[in-house]
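Chains as they are written, first to last, in our numbering: chain A, 1 to 294; chain B, 1 to 288.
For the record, the hints were derived by calculation from the structure and aren't laboratory data. Hints should not be assumed to be uniformly reliable.
Stated by the list, open to error - Computed spacing ranges between beta-carbons, pair by pair: (1) A:Glu-293 - B:Pro-7: 26 to 34 angstroms; (2) B:Gly-134 - A:Phe-194: 49 to 57 angstroms; (3) B:Phe-29 - A:Thr-273: 20 to 28 angstroms; (4) B:Lys-148 - A:Ile-30: 42 to 50 angstroms; (5) A:Phe-7 - B:Val-30: 33 to 41 angstroms; (6) A:Leu-114 - B:Ala-84: 25 to 33 angstroms; (7) B:Ala-234 - A:Leu-288: 32 to 40 angstroms.
Even for Gly, the Cβ is constructed at its ideal location relative to N, Cα and C.
Chain by chain, the residues run as shown.
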Amino acid sequence: MTSYRAFSPARIWTLATATVTQLLRMKILIFLLAFCALVVAAGFAFPVLNPEQQLKLLKDVSFGALQVFSLVIAIVATALLLPRDLEDRTLYTILSKPVPRHEYLLGKLLGVLLLIGAGLLLMDLAFSAVLWLREKLLLAQIIQALEAKTPEAVAQLQEIVGKQGLNWGLHLGVLAVFWKAAVVAALALMISCFASSTLFTVVVTFCVVIIGHGQGLIREYFLQGGTLAEPVKKLLSALLAIVTPDLGVFDVVDNVINGEAVGLGAALAMSGTALLYLTGYAVVSHLLFVEKEL
Amino acid sequence: MSTAPEPTPAVAVENLSKVFKAGLGKRAFVAVRDLSLTVREGEVYGLIGPNGCGKSTTMKTVLGLLAPTRGRTAIFGRSSTEVASRQAVGFLPENPYFYKHLNGLETLLFYGRLCGLAGAELRDRAREMLSLTGLEDAADRRVAGYSKGMLQRLGLAQALLHRPRLVVLDEPTAGVDPAGSRKIRDLILGFREQGLTVLVTSHLLEQMQEVCDRVGIMAHGRMMREGRVDELIAVENQTELVLRDASPELLAGIRELVERDGRAALVRSGQPRTTLESLFLEATEEKP
């Protein structure tokens, strides 16, 4: 018999990798293949548009697919994990081993985050490769079409096309997509700790995600407008801030698509906010799950 | 003169009550009422009772899966609420299910890692358990394709993987064919020889009679009878004389003595015992 350790990263890792395997064997990779096909198609479609528009469209389609992939996995996959373990009674065999409940939750969350992270990384690589290739091809076509021969003219064209091409801002955009999905996954896990069904978790998380995207606007409305009394306004905005995450913090994708730079400071602030949300939701999930009757 | 201290029991259940809260307007359900029992180290203890009598709730509370409403449960002196208490336990739930996407070997490796095993030690132990439960040939097959009996055997393998001191078996023979059922019975007898403590529930009362040192019979959330199997199934108002090499004359003399007594009567010769099954039915039909 081995000795017991109160906190074991090895146990969390075991649960996380089992979660990744579980989700992978649910044929989630098909989504990644579909994404790659979509990116390649978007990269070479609409040749009638000007080069800048073509690159922008490629980024638009790719980021759209990245967001759909990450949010669908974050909501649906996370919502499935806990109820399925409970229904299948695998939870009994796991928790009758020396596994604290918080380690079980952390393992599940880490598993989903690993999968989303790895998926986004692969998609980012595919997306970057297609964008880089398309950028080079378009540049060569323009140089040829405009017969630009002087280094100044070529550099000018490179600057114009490069603004919409591959740059570090794109990867920061992917990082923002990851953090948003991570927060949503932690939220879905928290809801599934008290939800009565997977459907309930999916629907409620989806609603919270929609509200979360417009949280800033709604909070502003409560604070500035209307005939509501001051304490009521404060209470409502506080409730909104507590119940829903402010997902607008992670919306830097539009800036990236428009070729605007995303600073390192903004990326750090975004990461810090995401970690705060993750910690908060993980703590509440533990408080709910530790009291759960199995 | 000082007496030796009582050894720490493998399982201690003290005045356990478990009430499940119901929704608004509904009455709460009392699953277990003021239950106390002790399982001594090294013995095979059978918990029997009809469906819904509170056996599984008691087991889940012992394993820390449920919190007691009142009372306490402990494993080798450690409260069941402490996760560390589970290091000493191997649990086989009724109709166990495992991750369908894993194969038999992967399943054991997964549970072994959760128990702190790793590397070659874990691989060897997993192979050993597969061999013990007769699943060597199915080690590389996905669990989704396992029969009910195979799942039960895999459940037993994962319960024994980390060499626990206490094995908790919830209906270990449910859905298993007679040969498999006999094999599980032999395994339980083997555990006793190895000094393992076993807490088991089953509806196969004859088998329980064979393997258990002591049994507790539950009904309506209460303990109705508890004790050594031999004592429980003995008929109280009858006396058994077991003679060796008794001559017909001696037996005739005994009969004559009985007849002369006028009060005692010879009911029959042989072993005056009831069956655990009869006792079970009698105990569970009683009003609480």
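Status of the given 32 to 40 angstroms range, CB of Leu-288 (chain A) versus CB of Ala-234 (chain B)
violated, 51 angstroms
Outcome for the supplied range 26 to 34 angstroms, where the beta carbon pair is Glu-293 (chain A) and Pro-7 (chain B)
With Cβ atoms ~32 angstroms apart, the hint holds.
Given the hint of 49 to 57 angstroms, is the C-beta distance from Gly-134 (chain B) to Phe-194 (chain A) inside that range or not?
Given range 49 to 57 angstroms: violated, Cβ gap about 42 angstroms.
CB-CB spacing for Ile-30 (chain A) and Lys-148 (chain B) relative to the 42 to 50 angstroms hint
Because 32 angstroms falls outside the window, the suggested range is violated.
Given the range 25 to 33 angstroms, decide if the beta-carbon distance of Leu-114 (chain A) to Ala-84 (chain B) lies inside it.
holds, 28 angstroms
Per the hint of 20 to 28 angstroms, is the separation of the Cβ atoms of Phe-29 (chain B) and Thr-273 (chain A) within bounds?
With a Cβ separation near 44 angstroms, Phe-29 (chain B) and Thr-273 (chain A) fall outside 20 to 28 angstroms, so the hint is violated.
With respect to the beta-carbon atoms only, verify the hint that Phe-7 (chain A) and Val-30 (chain B) lie 33 to 41 angstroms apart.
holds, 37 angstroms
In terms of the numbered hints stated before, the structure departs from hints 2, 3, 4 and 7, listed from lowest to highest.
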